[in-house]
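Those sequence lines, one after another, are chains R and X. Number 112 in our numbering belongs to position 112 of the first sequence; there are no gaps in the numbering. Each number in our numbering comes from the position in the second sequence (counting from 1) with 1000 added on.
Worth flagging that the hints you see were computed from the coordinates, not collected in a lab. Source: prediction; values computed, not measured. Beta carbons are placed, not taken as given, at the ideal position from N, Cα and C, and that holds for glycine. A hint or two may mislead.
[Stated by the list, open to error] Chain X is faced by these chain R residues, among others (derived, beta-carbon under 10 Å):
#1 E56
#2 D214
#3 G379
[As the list claims (entries may be wrong)] Which bits of chain X does chain R cover? Going by a derived footprint, with three or more residues having C-beta under 8 Å, they are:
#4 1050-1060
#5 1424-1437
There are 2 protein chains.
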Amino acid sequence: MSGSPKSQPQKPQSPKLLARQPRGFADRGPADIAATERMLAHIREIYALYGFDALETPFVEYTDALGKFLPDQDRPNEGVFSFQDDDEQWLSLRYDLTAPLARHVAENYDALPKPFRSYRAGWVFRNEKPGPGRFRQFMQFDADTVGAPSVSADAEICMMAADTLEKVGIARGRYVIKINNRKVLDGVLEAIGLGADEHAARRLVVLRAIDKLDRLGAEGVALLLGPGRKDESGDFTRGAGLAPEQIARVLAFTDARGDNAGTTLANLEKVVEGSARGLEGVAELREIAALVEAAGYDDGRVSIDPAVVRGLEYYTGPVYEAELTFTIAGEDGAPVRFGSVAGGGRYDGLVARFRGEAVPATGFSIGVSRLLAALKIVGSPIVSDTGLAGPVVVLVLDRAEIAHYHALVARLRAAGIRAEMYLGGSGMKAQMKYADRRNSPCVVIQGSDERAAGTVQIKDLVAGAEQAETTRQLDNAAYKAQRLAQFSVPEAEMVEAVRGVLAARQS
Amino acid sequence: MSGSPKSQPQKPQSPKLLARQPRGFADRGPADIAATERMLAHIREIYALYGFDALETPFVEYTDALGKFLPDQDRPNEGVFSFQDDDEQWLSLRYDLTAPLARHVAENYDALPKPFRSYRAGWVFRNEKPGPGRFRQFMQFDADTVGAPSVSADAEICMMAADTLEKVGIARGRYVIKINNRKVLDGVLEAIGLGADEHAARRLVVLRAIDKLDRLGAEGVALLLGPGRKDESGDFTRGAGLAPEQIARVLAFTDARGDNAGTTLANLEKVVEGSARGLEGVAELREIAALVEAAGYDDGRVSIDPAVVRGLEYYTGPVYEAELTFTIAGEDGAPVRFGSVAGGGRYDGLVARFRGEAVPATGFSIGVSRLLAALKIVGSPIVSDTGLAGPVVVLVLDRAEIAHYHALVARLRAAGIRAEMYLGGSGMKAQMKYADRRNSPCVVIQGSDERAAGTVQIKDLVAGAEQAETTRQLDNAAYKAQRLAQFSVPEAEMVEAVRGVLAARQS
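Isolated chain R (complex conformation) (with noise of 0.2 Å):
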């Protein structure tokens, strides 16, 4: 009944694949990998230097152990990438490395020294809606102290965090790390009638609205705190339905900062005005400002601000966030703000998840592509001097003599110079291009005449490019320029003859 006849059966075509990347996940060239590792090891001298050691635990965890602290679960899958192992159990790509610490810290509390002081760098995934500059794979680089009660946990990172931003070339003056505590914030709530337990998903729409003040100004979060908001692109979201004098008070909150810390923390007492927690976050503030103040970080390098609350269900107490205040164009061309490359605060309960009993913690996050973005645009010499050289490149002529060419080569590198045979199938003029796009320095030719001589050619290519600049405009004197770009050395001098071209480049 089938139109296609039995006898001649439909041989699978086998149809040529896709090679396509998933969208929020890219590759990444030498220059973005050398540029990425300098960074990362600027960073961690300094984490070293205040005490924290290297720490690393894997990309999949227990997804219960992960807990949903994620802002923005607009996804069927929550935000994260999930599976099942195959004895059912839902395993989960780490989304963050404070949740995958918490595991760490519960799993191994007895044999670790308490306070625990850890650096993490690592990649971390989000199952979000890819855009641009928004990866679905991005690296993050924390520090943690666990088991310091003390808010000066909190204000040694917060220094720590301005000593790195100065070390990778953020100079100061170009940066803030802003301070704030949830603690201040709850009492705002608890003031405005939201303190109690069965309003813990409106007082959460109202911590995602105030995250958002940076990008949306006030009268967007006050749209956020009451009805709801409509976007650009039409999309509305749903408002946490404050009458306007709850709003006004949580607006009056975040706008509290004054000229210093002491006016900043006196307007705070006001705000939460009533609320045993509220005020006890201002004490804490208050403690943190005077350490910073005592360390001298007070001189706009550490400071307080109550418009920062962090969007991460997770934070206890202080939570705090390194601002770029340069600006840059925005994507309507004004100019805007650099922005947040990092941030953190304390989550004194992850821990307890597992343990049962409350494990103070604090800690913060650099944003690492995103903090090289801001290297890039400030030219700091860690991402702007890459010192990726190519190699010098031995072209083969006559494939006859393959072993001579390679013997070539290796008394290259054995001279620690970067060096390679040409190993593809292609002509003298496809190589000559190769060795441009390597952007070698020198290529080294032996065909017959120079074999025979027992000399090797040196073509020169950054001198070489030079000329043919120059003689464009000079054509009688093509020809010697070429000869000097090239030129040829007996084959035992080969060696010094590259590290002179080498030389010359570096000067």
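Dock chain X against chain R, hints included.
Chain X only, in chain R's frame:
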């Protein structure tokens, strides 16, 4: 009708979460991280010297882009961790670094220099049954040349593998890079009548049987080539069902190694007699052997060994394996060879899956944690000298003086000395214990007396521990010894005094 009355809602008691890692995943501490990082830097140096450039691909790829090339696909999920994207497409965690490279090359083909030489270090994931030393997340360090049709590319990688092992501390004579060629095996299979397409599955069984030669010996492999084999646990593995004379021919192939490359090649020529493809494979091996000999690597560093086939299906030509030849104690205490730490081969068909045309490629992959384990056994300086010193700890005896203690720490850090203030909530004794646990060289102590006198006490923990040992025998000198390990200096001289303790420790 329900037994639970509505007036008494069962308040959900949140059960304490178990802090645990999924099987086959592991955390890593500072010593392991530092040793790995140092080993990777050494490998990178050799790869760069050979003209390879860094490349990184993401952890997640489309499942179809990765293909199914894993051996031992005895798990429901066929060896990979997979999950569906919100557009229903299947994504997988990469199981090696070769399949993603093929995708990268196909996707960027026109923009890349050809040959394209890249190295990539990164974590890969296998959804397999974990066991001792067998992890589901592990690191590989690969180098590949794509677009090089000649086997001189394979020869180069084998010699680079030798240089790499020596660079990280494996002495010459304690390793061998073994080379074989899949085409020779194809010739053998042709010769025993398994050449046709319909025998593809059986050929794979033969391939994987040979790959177990190291572990099972010739008798075990003969069973896997024939009727099948029951292992110690009683599990039965089905065999390829070959007849005795077919098995004999396959084993003659794996046993074809002679005293030198010439003898081995002659033996192989006999085994593949009558197969054009087999002879092509022997000719390629002959070419590689000539290059290896010309470069002087035939001194035992690189050698042809027909027993090497590699388990992965995608290899199409030369295959190679780096084996460490020294012995360690096996599970039963008897000495066994350390064995393979790296391997690879030519995979001319992997990029073709995307491009339709064959793109010649060859590369190899180091098992990072296996090589690191080997370095520990041979006592390579890379892993023995971790260079990790603990921080100087400033004790906190008077909480009202936190700002001043912090200033002391800041002064040490400003002098480049790794230091921290004790941030926990415990007393003096616990703080000393903490410093011991952190491997601190010394602690700085300032109580109210010292503060009034403008001094600090410095307690040298290393000298202290040594003297405590001495005074166990020499009780009457105990007091004096303690005084030596702990001394008082003016606060202004603290940095110099700590430097003195650190210098004494290093000498």
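Run the structure past the numbered hints and jot down the numbers of the failing ones, going up.
Hints 2, 3 not satisfied by this model.
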